[in-house]
Structures are given as C-alpha cells and as structure tokens.
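K.L.:
So the chains spell out like this:
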Amino acid sequence: MINKIVSSPAEAVANIFDGAMIMIGGFGEAGSPIELIHALIDQGAKNLTVISNNTGSGHVGIASLIEHRRVAKMICSFPRTLNSTVFPELYNKGEVDLELVPQGTLAERIRAGGAGIPAFYTPSSVNTSLANGKELRDFDGITYVMEYGLKADFSLVKCEAADRYGNLIYNKTARNFGPVMCTAADQTLVQAKRIVELGDIDPECVVTPGIFVKKVVEVTNPSDESKLVAEERSYPWK
Amino acid sequence: MEIKETKVGWSRIEMAQKVALDIPDESYVNLGIGLPELVADHVPEGREVIYHTENGLLGMGPIPEESERDPELINAGKKNITAIKGGSFFHHADSFTMIRGKHIDICVLGAFQVSKDGDIANWSTGKPGAIPAVGGAMDLVAGVKRIFVITQHNTKDGKSKLVNECTYPLTGKGVVETIYTNLAIIDLKKEGLVVREMGPNVDFEYLQEHTEAPLIKS
Numbered sequence: 030m031i032n033k034i035v036s037s038p039a040e041a042v043a044n045i046f047d048g049a050m051i052m053i054g055g056f057g058e059a060g061s062p063i064e065l066i067h068a069l070i071d072q073g074a075k076n077l078t079v080i081s082n083n084t085g086s087g088h089v090g091i092a093s094l095i096e097h098r099r100v101a102k103m104i105c106s107f108p109r110t111l112n113s114t115v116f117p118e119l120y121n122k123g124e125v126d127l128e129l130v131p132q133g134t135l136a137e138r139i140r141a142g143g144a145g146i147p148a149f150y151t152p153s154s155v156n157t158s159l160a161n162g163k164e165l166r167d168f169d170g171i172t173y174v175m176e177y178g179l180k181a182d183f184s185l186v187k188c189e190a191a192d193r194y195g196n197l198i199y200n201k202t203a204r205n206f207g208p209v210m211c212t213a214a215d216q217t218l219v220q221a222k223r224i225v226e227l228g229d230i231d232p233e234c235v236v237t238p239g240i241f242v243k244k245v246v247e248v249t250n251p252s253d254e255s256k257l258v259a260e261e262r263s264y265p266w267k
Numbered sequence: 169m170e171i172k173e174t175k176v177g178w179s180r181i182e183m184a185q186k187v188a189l190d191i192p193d194e195s196y197v198n199l200g201i202g203l204p205e206l207v208a209d210h211v212p213e214g215r216e217v218i219y220h221t222e223n224g225l226l227g228m229g230p231i232p233e234e235s236e237r238d239p240e241l242i243n244a245g246k247k248n249i250t251a252i253k254g255g256s257f258f259h260h261a262d263s264f265t266m267i268r269g270k271h272i273d274i275c276v277l278g279a280f281q282v283s284k285d286g287d288i289a290n291w292s293t294g295k296p297g298a299i300p301a302v303g304g305a306m307d308l309v310a311g312v313k314r315i316f317v318i319t320q321h322n323t324k325d326g327k328s329k330l331v332n333e334c335t336y337p338l339t340g341k342g343v344v345e346t347i348y349t350n351l352a353i354i355d356l357k358k359e360g361l362v363v364r365e366m367g368p369n370v371d372f373e374y375l376q377e378h379t380e381a382p383l384i385k386s
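Residue numbers (the working numbering), protein chains in the order written: chain A, 30 to 267; chain B, 169 to 386.
If we strip away everything but chain A, and leave its shape as in the complex, we get:
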C-alpha cells in the first residue's frame, strides 16, 4: 500500500544529510514550511546549500537555520527583506555564500531541473552584471543568456491539503515555488495543513501529482511567521 504520510516533522526530515542541496518553498512567509525547517534545525544537518527566494525574517524559519550556521550557501533572488537581519550580517562577515538569481530565472531553473532539462536560454539579465561570464547566444536577433537547471537532494514544501498518495493542493499565493520545487528534488518532503482521503481532492484540481512527493506530514496549525517575528520569538523556542 502506498502511504506517504509520516507522523512528525522530525520523521519527515530524518534522512537529510550534511552537505545536501535543499530547496525550500515560500515567498516571504507565504508558503514557508516553517515546521519542517525547525525540525531540520533540531535534526542537525549542516553545510547545506539552500535554494529559496528569500533568506527568512527575524530568528525563526530559514533565518534561524542560517543563524545556526547550517547553511554554507544560499541561492536566491531577494536575500534582504524587511526584518531579515541574520543573512545580511553573516554574508558581510563572509560566513555564508550567495548566488543571486533573478526571480523568474530561479523559478525556471527549478522547473527545468525537475523536467530533465539541463540548461536553457533566457532574456532576463542580459546586459547586466548577473550575466557576466555566462554563455550568450542570439536567436532571431535577440540575445539570451544560458542558465542551468537546478536539482536538489530534498525539497521542503508547505501545502493546504494532501492525501496518502502525495497529491497536493495549495492556498492562494502560498503556492509560489511549491509545485516546481516538488518536481526538482530526489525527495520532496511536505507539510500539509490537512490530510484528506483519496478522492477528496478532485483529480481536475490536483496541483502537484503525488509522483513528485516522497513524504507528507500533517501540521494542522502552522506558525504565522510574521506574528513570531513581531513577537521577537526565536527558534529553538525559549
């Protein structure tokens, strides 16, 4: 019997190893799998490369993972946002690397990685410093830059509802990077607000088909990151 449901975030992240490449869903707090990230902090894997649009806020979620020196390198499009102090501080000290990628290129690199496409050409960043050293090629008189697909060992994703096959639906703009990240990792680990019965998600409405998902854990009341940041909480909880 196929049953991808596991009983705790700790069980979901148990196999993550030192040096792993990890995609973490979310755009700001929307879609950030904060309970899985906290379980990963407890689990202890280090020297990670993290692919995520942002670098987290305050001292919870991704920001806390970075603060605990588990992240060697971030691949992201917007590392400084309101209330993100941890990454800028460590970056300026030279304690964490950064690969800056335009947001659409980041999404497409992940999509390509998941689709078995090793590289592609895009117009984004041509004639800018972010295209320096990259292969350029003209098609129909327009210059494009070559970018590589991205794959990961693990993806951590948050969704609204999942069934035991790993079929997923999302909530509003929390969908963001989730569906493409699910396709691009060896093992996609998902936290779902609700586990539902097979068939409860209309097959016409499944956003991520279960084939892309390895494990699902139910987290009924996920943390509201901006609330935690406003309350100046830090993980591990004091």
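Fair warning: there could be bad hints in the mix.
Subject to a maximum C-alpha distance of 30 Å in a straight line, what follows is the list of computed DSSO-like cross-link-like pairs (lysine-lysine) [to be verified]:
#1 A:K163 - B:K313
#2 B:K247 - A:K102
#3 A:K244 - A:K201
#4 B:K341 - A:K201
#5 B:K385 - B:K341
#6 A:K180 - A:K75
#7 A:K180 - A:K122
#8 B:K270 - B:K357
#9 A:K163 - B:K270
#10 B:K313 - A:K201
#11 A:K163 - B:K327
#12 B:K253 - A:K222
#13 A:K256 - B:K247
#14 A:K201 - B:K253
#15 B:K295 - A:K122
#16 A:K163 - B:K284
#17 A:K256 - B:K253
#18 A:K122 - A:K243
#19 B:K357 - B:K327
#20 A:K180 - A:K163
If we take Cβ atoms under 7 Å as the criterion, some of the chain B residues that face chain A in the derived model are [unchecked claim]:
#21 H260
#22 A261
#23 R268
Hints were generated in silico from the structure; no laboratory data involved. Every value quoted in this text rests on a predicted model; they were computed, and no experiment measured them. From the three backbone atoms N, C-alpha and C, an ideal C-beta is built for every residue, glycine too.
Position chain B against the provided structure of chain A, taking the given hints into account.
P.N.:
Showing chain B alone in chain A's frame:
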C-alpha cells in the same frame, strides 16, 4: 516676509493619475513596489485592468481590512492583498511564463536611473557592503511588452535620474518606453527624449536645467 510658494510639478497622486490614463482598457498590468502601486487607485472609470503580481496571482484586488488579513495572500512587496472575483493563483514558473513570454502588456516600475537610450537601473546602487537583491526586476524589464517608469525627476540631493549613461548597475538595456516624473512625461523615441507634457509651472528651460540628458520639445 511671507514667501508664497508656487507649486512646481505634479504630486505623487497626479503622477499616478497620468500613468493610469496611459493604460488602455483590458490591459494586463504588473505594478512595481512603492510609487507604482498608487496607479491602481486611479484607473479611469469604464476601463477594466487586471493586475498581475509575480508571486502568483492574476487579479490582485485592494488591501484588506486588518481583520481580513491572510498571511498566504500577499503581493510581490509581501504586503497583504485581496484577490478579485475571476482571479487565479499559479506557481512561480507559470507566473514568469506570463512575464518572460510577453503576455503581460504593461509594467510600471520605479527607478534609480533611466538613460537616454532607455536603459534602466533599479535593483542596486552598487554600494560596497550592500546585500545584492534583484527579485523579479530583470525578468520584468526583459519580458513585459511595455515598460513605464514612474519616479521623482531628481534624487533627494538634486541629481537627475534621467541620465546620458546609467552609472548604477543595469536592470535592462533599451527597454523603457515612457518616464513619468513630477516634472514631465517624457517618451523615449528613436530621435531621443521627447517631452510630451510638463507639470504645472514647469517650462522647457526649467525641465532641461533639471535633466542631465538632452530633451526634445514635442
């Protein structure tokens, strides 16, 4: 002695109104963070414009009441928003398919500098020690059909934002169609920077004095 100040140029709201007038009915529009967001409040009656926010929503609606705030419904500036009836959610690769694939009609952006050739710099001042962050800016200028810039004409220390060559790191080259400032509306055409309209109490000489790049009277 009493000095009565004469109003020179347009207010932020008037600037946003000018941009909104140039957005045709039935357009799909992406608005940048900050001043561009004001444009949505000033679309003339009778026009239906659909707003795209690159984090994954077509049909962005107004800001909700605090009690209606949904942390999973935000815009590209990570502010809480609403979705209109008929809106749709999608993932990031689809969102940037709309952008890069030339499906979005107009993007309204802020800028640090725009050059006479339509180059735009709006992601980094290149300051040492600054954390580089680009977001979707480079994808938007590379992919959206028409790029409008809304910005103050001069920086706080009086420097022209309309320059001969951008000195800040570029976001894109030769992409800007029109720039809307507090002093004027300027179209970037083959023949150069053509002044289409000037704000109250602004004349051509005054405008040129406040602009590094050479301007052309329309």
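K.L.:
Could you run down the list of hints and mark each one as holding or not?
P.N.:
Going through the hints against the structure:
For the hint pairing K163 (chain A) with K313 (chain B), the CA-to-CA distance comes to about 25 Å; that is within 30 Å, so the pair holds. Under the criterion of a C-alpha separation no larger than 30 Å, the hint pairing K247 (chain B) with K102 (chain A) is consistent with the structure, at around 27 Å. With a CA separation close to 22 Å, the supplied pair K244 (chain A) and K201 (chain A) stays within the 30 Å bound. Proximity of K341 (chain B) to K201 (chain A) is assessed by CA-CA distance (about 34 Å); at most 30 Å being required, the pair is judged violated.
Of the supplied pair hints, the one linking K385 (chain B) and K341 (chain B) holds, its CA atoms being roughly 24 Å apart against a limit of 30 Å. Pair hint K180 (chain A) plus K75 (chain A) holds up; C-alpha atoms about 18 Å apart against a cutoff of 30 Å. For a cut-off of 30 Å, the pair hint linking K180 (chain A) to K122 (chain A) stands: about 28 Å separates their Cα positions. Note on K270 (chain B) and K357 (chain B): the hinted pairing holds, with a Cα-Cα distance of about 21 Å set against a maximum of 30 Å.
Between K163 (chain A) and K270 (chain B) the alpha-carbon distance is near 23 Å, which keeps this suggested pair within the 30 Å criterion. A threshold of 30 Å between alpha carbons decides the hint, and for K313 (chain B) with K201 (chain A) the separation of about 26 Å falls inside it, so the pair holds. With a CA separation close to 34 Å, the supplied pair K163 (chain A) and K327 (chain B) exceeds the 30 Å bound. With a C-alpha separation of about 25 Å, the suggested pair K253 (chain B) and K222 (chain A) falls inside the 30 Å cut-off, and the hint holds.
As the CA atoms of K256 (chain A) and K247 (chain B) are separated by approximately 14 Å, the hinted pair is consistent with the 30 Å bound. Proposed proximity of K201 (chain A) and K253 (chain B) is supported: the alpha carbons are some 13 Å apart, at most 30 Å. Pair hint K295 (chain B) plus K122 (chain A) holds up; C-alpha atoms about 16 Å apart against a cutoff of 30 Å. Taking the CA atoms of K163 (chain A) and K284 (chain B), the gap is about 27 Å. The hint holds against a cut of 30 Å.
Taking the CA atoms of K256 (chain A) and K253 (chain B), the gap is near 28 Å; set against the 30 Å cutoff, the hint holds. For the proposed pair K122 (chain A) and K243 (chain A), the alpha carbon gap of about 37 Å is over 30 Å, so the pair is violated. Proposed proximity of K357 (chain B) and K327 (chain B) is supported: the alpha carbons are some 23 Å apart, at most 30 Å. At roughly 19 Å between alpha-carbon atoms, K180 (chain A) and K163 (chain A) fall within 30 Å of each other, so this suggested pair holds.
Interface hint status for H260 (chain B): upheld, as the beta-carbon distance to the closest one in chain A is roughly 4 Å, under 7 Å. For the restraint placing A261 (chain B) at the interface with chain A, the shortest Cβ-Cβ distance is roughly 4 Å, inside the 7 Å limit, so the hint holds. Residue-level restraint check for R268 (chain B) holds (minimum Cβ-Cβ distance to chain A is 6 Å; threshold 7 Å).
Taken one by one, the earlier hints fail for this structure at numbers 4, 11, 18, listed in ascending order.
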